[in-house]
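Make the full structure from the sequences, and use the hints.
So the sequences go chain by chain: A and B. Quick note on numbering: the working numbering labels position 32 of the first sequence as 32, and the sequence is numbered without any gaps. Quick note, the working numbering runs 99 ahead of the 1-based positions in the second sequence.
Any given hint could be a false lead.
Computed cross-link-like contacts, EDC-like style, restricted to lysine to aspartate or glutamate with a CA-CA straight-line distance of at most 16 Å [to be verified]: (1) K66(A) <-> E52(A); (2) K803(B) <-> E742(B); (3) K63(A) <-> E44(A); (4) K63(A) <-> D116(B); (5) K219(B) <-> E458(B); (6) K811(B) <-> E653(B); (7) K853(B) <-> E687(B); (8) K54(A) <-> D116(B); (9) K281(B) <-> D464(B); (10) K154(B) <-> E32(A); (11) K72(A) <-> E44(A); (12) K446(B) <-> E235(B); (13) K154(B) <-> D116(B); (14) K154(B) <-> D113(B); (15) K54(A) <-> D113(B); (16) K63(A) <-> D111(B); (17) K774(B) <-> E813(B); (18) K63(A) <-> D113(B).
Pulled a few chain B residues facing chain A out of the computed Cβ check, cut under 10 Å [said to hold, decoys possible]: (19) D113; (20) E117; (21) I118; (22) L122; (23) A123; (24) E127; (25) G148; (26) I160; (27) W161; (28) W163; (29) E167; (30) R168; (31) L513; (32) R519.
Worth flagging that the hints you see were computed from the coordinates, not collected in a lab. Virtual Cβ for every residue (Gly too), placed ideally from N, Cα, C.
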Amino acid sequence: MLILRTLQWGPQHGHGIGIAIRQSSAELLQIERGSLYPALHRLEARGLISSEWKSSDLNRRAKYYKLTAAGKQQLVAEQSKWKLMVKAIARVMRPAKAD
Amino acid sequence: MDWHFWQWRQRDSDLNDEIAHDLAAEAEERVRSGISREEAELASRRDFGNVSLLKEDVREIWIWASLERLSQDVRYGWRTLRSNLLFTSMAIVSLALGIGANTAIYGVMDAIMLRALPVKNPGELVILNWRTKNREPDVVRDHNGPNYAVPGGGVESPDFPWQVYELFRNHNNSFSTLFAYKDAGRLNLIVNGQAEVGSVEFVSGNFFSGLGINPAAGRLLADSDNVAGSSQVAVINFDYWRQRFNADPSAIGQTIKLDNIPFTIAGVTAPEFHGVSAGSAPLVYIPMSNRLALFNRSEGKAMFIDPHNYWVDIMGRLRPGVTLARAETELSGPFHVYVLASAANDKERTDLPALWMQEGGSGVDSVRRLLSKPLLVLMTMVALILAIACANIANLLLSRSVARRREIAVRLSLGASRLRVLRQLLTESLMLSLPGGILGLGVAAVGIHSLIWLLSGGEDRMSLRAGIDWRILVFTLCIALAAGIVFGIAPAIQATRVDITPALKETRASSPRRRGRFIGLSQLLVVAQITLSLLLVLGAALFVRTLANLHSVEVGFNPEHLLTFSLDARQAGYKDAQLQTLYARLDEQFRALPGVRAATLSDMPLVANWNSRVGLYVPGIPKHEGRGGPRTSLVMVGPMFFETMQLPIALGRSINTHDVDGAPLAAVVNQAFAKKYFPNQSPIGRQFGINSNVANITIVGVAKDARYSSLKDEVPPVTYLAYFQNALKGQPGSAIFELRTAADPFTLAQTVRKAVHAAAPRVPVTDIRTQTQIIDSTITQERTFADLCTAFAVLALVIAGVGLYGTMAYAVSRRTNEIGIRMALGAERYRIVAMVLREVIALAVAGLAVGLITAWGTQSAIKSFLFGVKAADPLTVLWVSGILFAALILAGSAPARRASRIEPLSALRHE
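Here you go:
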């Protein structure tokens, strides 16, 4: 879901996605390469993201990923699931209401 | 995103590039924060973690993803195919028939033409032949074996004089072994008192060692067995061992009598070995030296030294590193010297045989030559059937794909790549063709056996081994895959070529009409089917006419109700005068049997593809040495022959009981003979000689022309000699008896057997057939073709008709709206019908035109299979085109009628 969300802002290559997630979570989330790249390929295999080889700002060939229509749908679905889950956990963890 | 094999490597290298880029970007970042480049690179590599583990994980994801995609495709395809069971089952059945037929023909072809002999290193084997440029060479005075025509002129043969074999053996650097063999024919085999007839082969001592075969039991023949005087041993075939001896090892050492001459069984050949000639499997192999004992003729010993007697077949194994060309060059010279020395005069010196070698890995090709052309024709026919079936399925898939436009558009808009959808559609096609292929294997199993039975004329003289083995399975798989892709690819491409937005909004009313594009893929497919069907139907018509022509050929005698069988009393030990007396006595006895109207005998059956031609000496006509001069076909007949066969005598008398040994040699000749050698005069009383310089045979009668050896050939000059007169040196040892019966000939078979058994207990009665059966067996090929081609043609017509019907029905249903509008606007029903029929006629005419052009272009290919009718026979062509046209109009008329019955109101509301 995080990857999909990151890509909502536009196509990005693997390294850039890692940095974006780190930055937007204020350094709280640092995704291991060993998990990031398999996740990217899994998403690509499921057709939620597609890839393109472009020249990066390092003047090298890099693989840029972007969301597909199916990916956008999946993101929306996962976001609503996520919101539901957050609400549920918050309910459980809520301090008892003073009567 | 594909799972194609070669793209794995691309993806691997892409992954490496991706990782490399990440490392570089990471290093760049660190460099920017002030660390040296080297340190930065080291640090970023460390930070990355385990690269190979990462690559493994990603690769695993790829594999699982492709497996999951495959299962998705299969499940989706299964749902789609299930929803239209009629189409699915029809498609699978027609594919099974098409694939099965192709596999069956391939299986037979493989057994005959392609399979290598089961010996050591078959690639090293070479068969020796000779060739001449123009005609049969004169140095060959006695030829025991086949002569083949060489395309481009000349003849070729695998038979050599014995001395040449010895010459080659002593004279070679190219061959590690040279071995010889010769078919001994079908002899009487007696084992444990049980008699049967089977093929026997003479072989040289090094035959088995040269081929590299191991015995399944006992030992095989060796050079020591070939020395004259050594005890007579024989080696038997594995299958024969299993059948006759139940594979009992105690068979070794038992005695087997071949034509009453005892041999000791020394061993059994390996199970897979069936001789060196595909299609004939000898049951027993005996040493070459025994050839003398089994042939009583005076030529016996002379055969081994006569330089003009060509009979022995030779095969060799090349030394490692030696090519066939080199071997041929090495032996050509000595062979040429030998034949030159054997030539008696200048005439014989022209057109001497020249050595010619061919690869022997797949054995001797006598059966191959016989069947390869017919098999090719059959292969073309079944390929056409499969093509028609595929075109049909492709067309049906096309119409269905148009109906699925919306569904496909939705999938494309959701992000599926075109390729993905294409692959899924192809998977569906393969889900039709692969089950079709599996069913086709069953069809092939039946087909192979029936085909072999058909081709060998229903007799089991041809022992072809063809069954389902791994090669056939691979072939079936390949054809199934190819068929699936062929009929699936075009509709799949057509289906995915969809403009998304209009397709999503599409309703029936607005679906694009093919008005502008008159020639769509669907129409092309129908035209193709019609073309192919025309070829098959035309072929069928031509073959049927050929068969009819053959059946109506004037035979010249009455073949009905004639029972024939063969006796060879030599096999029970009778000789010379005893033999003749026995046959004469049996002839009388048969005549007296109840139910027998007349009886006679001859030395060979008529119209059985048997041929005996000899040189003629007619005083006044210059004689040639060797083969150039006057010749006649020959048959020796007993008394009452012409009366029994109902072959009319035009002049003089027939052979009768006075024509016996000692009486003046008498002959009846046919009208062709008389016309050729005694034109414009009565030949009665004239004399001539056979194979000699003395004219000692007197013509006593002239018979009307009758077929001699085949229905197709012109009647040759025929001489009918008296069987009991021994006009030729060396009497015939066997006799064919012909009995004219009152009722069905076979009802007398038992009676005949009993009569023979009473008079001569150890003489077996063989080859019991009716004359009509004999004649029919000469036209087996034509009959097979006529039968098969008719079946194929009917099948093709049905499939093409269904194809046309389906296409037109679908076209009509898609244009329901348009038709409704037209009718609402006042068009009469017949105009609607005309509109549809116009398209049907256009398709039919196009298909027929292309078909006729193709038929014209390929007529020379089937010319040799026809008799009495030309390949471009106008009447047949007209007839066939008419039938096809009518059938197609019929197929198209139903949708046309349906179109005319559309109610305008419901059509307009039709979506």
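Here is what the structure says about each hint:
1. K66(A) <-> E52(A): The given pair, whose Cα atoms are some 8 Å apart, holds under the 16 Å limit.
2. K803(B) <-> E742(B): Judged against 16 Å, a Cα distance of about 13 Å means the pair holds.
3. K63(A) <-> E44(A): holds, 12 Å
4. K63(A) <-> D116(B): Roughly 8 Å separates the two Cα atoms, so the pair holds.
5. K219(B) <-> E458(B): Holds: K219(B) and E458(B) sit about 14 Å apart, inside 16 Å.
6. K811(B) <-> E653(B): OK: K811(B) and E653(B) at ~10 Å, within 16 Å.
7. K853(B) <-> E687(B): holds, 15 Å
8. K54(A) <-> D116(B): Holds, at about 12 Å.
9. K281(B) <-> D464(B): Holds - the C-alpha atoms of D464(B) and K281(B) are around 14 Å apart, at most 16 Å.
10. K154(B) <-> E32(A): holds, 14 Å
11. K72(A) <-> E44(A): holds, 13 Å
12. K446(B) <-> E235(B): holds, 12 Å
13. K154(B) <-> D116(B): The given pair, whose Cα atoms are some 12 Å apart, holds under the 16 Å limit.
14. K154(B) <-> D113(B): Status holds; Cα separation ~11 Å.
15. K54(A) <-> D113(B): Measuring from Cα to Cα gives roughly 12 Å; hence the hint holds.
16. K63(A) <-> D111(B): holds, 13 Å
17. K774(B) <-> E813(B): holds, 14 Å
18. K63(A) <-> D113(B): holds, 8 Å
19. D113: holds, 7 Å
20. E117: This hint holds: E117(B) lies near chain A, its Cβ roughly 5 Å from the closest one there, short of 10 Å.
21. I118: With Cβ-Cβ at 8 Å, under 10 Å, it holds.
22. L122: Cβ of L122(B) sits 9 Å from chain A, so the hint holds.
23. A123: For A123(B), the interface hint holds, since the closest Cβ of chain A sits about 6 Å away, which is under 10 Å.
24. E127: With a minimum Cβ separation of about 6 Å from chain A (threshold 10 Å), the hint on E127(B) holds.
25. G148: holds, 5 Å
26. I160: holds, 5 Å
27. W161: Holds, about 7 Å.
28. W163: holds, 8 Å
29. E167: holds, 8 Å
30. R168: Holds, about 8 Å.
31. L513: Holds, because the Cβ-Cβ distance from L513(B) to chain A comes to roughly 5 Å (cut-off 10 Å).
32. R519: holds, 8 Å
Going through the hint list in order, the structure satisfies each hint without exception.
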